[in-house]
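Student: As you go down the protein sequences, you meet chains A and B in turn.
Just so you know, we're using my numbering here: the first sequence kicks off at 310 and counts up by one.
Just so you know, we're using my numbering here: the second sequence kicks off at 310 and counts up by one.
Source of the hints: derived by calculation from the structure; they are not laboratory data.
Fair warning: this is a prediction, and the values are worked out from it, not measured in the lab.
Just so it is clear, CB atoms sit at the ideal spot from N, CA and C, and this is done for glycine as well.
Each hint should be verified, as a subset may be incorrect.
To be verified - No more than 27 Å apart at the CA atoms, straight line, and that leaves these computed lysine-lysine pairs for BS3-like:
1. B:K525 with B:K335
2. A:K527 with A:K335
3. B:K454 with B:K525
4. A:K525 with B:K335
5. B:K454 with B:K527
6. B:K525 with A:K335
7. B:K335 with B:K454
8. A:K527 with B:K525
9. B:K480 with B:K335
10. A:K454 with A:K527
11. A:K335 with B:K527
12. A:K454 with A:K525
13. A:K335 with A:K480
14. B:K335 with A:K335
15. A:K335 with A:K475
What the hints assert, rightly or not - Some chain B residues near chain A, calculated using beta-carbon distances under 8 Å:
16. R326
17. S328
18. E361
19. N370
20. A372
21. N378
22. L383
23. F403
24. E414
25. V422
26. K424
27. Q518
28. K525
Said to hold, decoys possible - Here chain A is said to cover these stretches of chain B; the calculated rule only asks that three of the stretch's residues, wherever they fall, bring their Cβ under 8 Å from a Cβ of chain A:
29. 330-342
30. 499-512
Protein chains: 2
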Amino acid sequence: MTGGARVHKNLTPHAGRLSADRRREKLGQRGAVVWFTGLSGSGKSTVAREVEALLVEDGRNAAVLDGDNVRLGLNKDAALLSAAGYGEAAAGRFGLGFSAEDRTENIRRVGEVAKLFADNNVIALTAFISPFRADRDLVRALMPKGAFFEVHVAAPLAVCEARDPKGLYKKARAGAVGEFTGIASPYEPPRAPELVLHSDRETPAESAQRVVALLKRKGVL
Amino acid sequence: MTGGARVHKNLTPHAGRLSADRRREKLGQRGAVVWFTGLSGSGKSTVAREVEALLVEDGRNAAVLDGDNVRLGLNKDAALLSAAGYGEAAAGRFGLGFSAEDRTENIRRVGEVAKLFADNNVIALTAFISPFRADRDLVRALMPKGAFFEVHVAAPLAVCEARDPKGLYKKARAGAVGEFTGIASPYEPPRAPELVLHSDRETPAESAQRVVALLKRKGVL
Chain A
310 MTGGARVHKN LTPHAGRLSA DRRREKLGQR GAVVWFTGLS GSGKSTVARE
360 VEALLVEDGR NAAVLDGDNV RLGLNKDAAL LSAAGYGEAA AGRFGLGFSA
410 EDRTENIRRV GEVAKLFADN NVIALTAFIS PFRADRDLVR ALMPKGAFFE
460 VHVAAPLAVC EARDPKGLYK KARAGAVGEF TGIASPYEPP RAPELVLHSD
510 RETPAESAQR VVALLKRKGV L
Chain B
310 MTGGARVHKN LTPHAGRLSA DRRREKLGQR GAVVWFTGLS GSGKSTVARE
360 VEALLVEDGR NAAVLDGDNV RLGLNKDAAL LSAAGYGEAA AGRFGLGFSA
410 EDRTENIRRV GEVAKLFADN NVIALTAFIS PFRADRDLVR ALMPKGAFFE
460 VHVAAPLAVC EARDPKGLYK KARAGAVGEF TGIASPYEPP RAPELVLHSD
510 RETPAESAQR VVALLKRKGV L
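Please work from the sequences and hints to get the whole structure.
Tutor: Pasting the structure below:
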């Protein structure tokens, strides 16, 4: 409910009528962010969806944020914004591609949305390549201590490329996709992730169980 | 889990392992968006927080999105992005102020986030002036039929200005705040809102009860 330029000086986060403790008590659930990072094809979305299913079957609310629902919505590219009625200038300004700057903004927005979910007692499961360490660390810094879990989905490049579920590695090798992570753009692995999933040696179901075990061990569940 | 330019052609929204029906059954709750719109000082956030409290006390998850948590997070302005480490160009590009273009993008992003909450069985309660009809209609169009409730918080300008909870009207009259809705920028009231709250003649608690009654009548609760 704001209305003027530079009004952020007047903003303070709402305490709300409802305390965080009361929310947690009534909903029977803490919020958290589980941040899956890894190469394209490593299995991030697949594992995130498995974890979602386990949690929801257990009556907990969990929400997957991934390229498929975010790049088509909140983080549309310029072409999709144009199709939604934006003029050329606004579409170019706000639309997100895959340059380093655009990826940083992509991850920043996802981090802020994941935080909103976690603040509202939902377990956010994010599945983005998120290749840059600094971007992931910014998201970690947004979150309260103990509510951010970085999970490295660590299949080797050769395995991911052999899987190539969307044919993107093939296109990247042919030079048809610019700045593709692992081929023409770096992937910076986490230095101290809360969990490493060897998705070349364990099934998505096994990986998901390990994530749930982590959340139990850390008191989220 | 995407990796190349214009990759949206390869994207399809994930069906997921978990069906929407199963999610709803296990969580015992439908998602929806309740979109509060009205002048600064009309009481949007206050009513939204009252509704949140009523719903959470009833064991339903509801999440308030408002200027206070969104303008300080997802929709930071250029100054806040700079403070977060963005370079000048990126901060200027992605930071949101209060021009018409920026407001449209503000509302678009909020709409997409509200949709993500609703898709995940949370009742999103958004409290933004959202002065432009076209912007609100774009959000409505994102949502499945029957899951979007536009609520006009319709206190007259004179009442809002007399309340002036943040001193912004005073600043706007003094010319210290540009493009302030109701003073130097238009407010376009909804033509067919699902509900009108006369927040000059009813208490926030009464307004909140009317919103809950609407959600019951429409089968959300």
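Student: Please count how many residues of the segment 330-342 of chain B have a CB within 8 Å of a CB from chain A and say whether that reaches 3.
Tutor: Since 4 is at least three, the answer is holds.
Student: Restraint: S328 (chain B) near chain A, CB-CB cut 8 Å. Satisfied or not?
Tutor: violated, 10 Å
Student: For the pair supplied as a hint, K335 (chain B) and K335 (chain A), is the alpha-carbon distance within the 27 Å limit?
Tutor: holds, 17 Å
Student: Under 8 Å is the threshold here; is the Cβ of N378 (chain B) close enough to any Cβ of chain A for the hint to stand?
Tutor: This interface hint holds because 6 Å falls under the 8 Å limit.
Student: Taking 27 Å as the top limit, are the C-alpha atoms of K335 (chain A) and K480 (chain A) close enough?
Tutor: violated, 50 Å
Student: Holds or violated: is there a CB of chain A closer than 8 Å to the CB of K424 (chain B)?
Tutor: holds, 7 Å
Student: Does E414 (chain B) pass the interface check with chain A, least Cβ-Cβ distance below 8 Å?
Tutor: Given a least distance of 5 Å, the restraint on E414 (chain B) holds.
Student: Would you check the hint for K480 (chain B) and K335 (chain B), treating anything up to 27 Å between C-alpha atoms as holding?
Tutor: violated, 50 Å
Student: Hey, K335 (chain A) versus K475 (chain A), does the alpha-carbon distance stay inside 27 Å?
Tutor: violated, 42 Å
Student: Just to be careful, I want the Cα atoms of K335 (chain B) and K454 (chain B) compared with a cutoff of 27 Å; is the pair within it?
Tutor: holds, 22 Å
Student: Under the criterion of a CB-CB separation shorter than 8 Å, is V422 (chain B) in contact with chain A as hinted?
Tutor: Status holds, d = 6 Å.
Student: Do the numbers back the hint for L383 (chain B), that is, is its least Cβ distance to chain A under 8 Å?
Tutor: holds, 4 Å
The structure is inconsistent with the numbered hints 8, 9, 13, 15, 17, 27, 28 and 30, although it conforms to all the rest.
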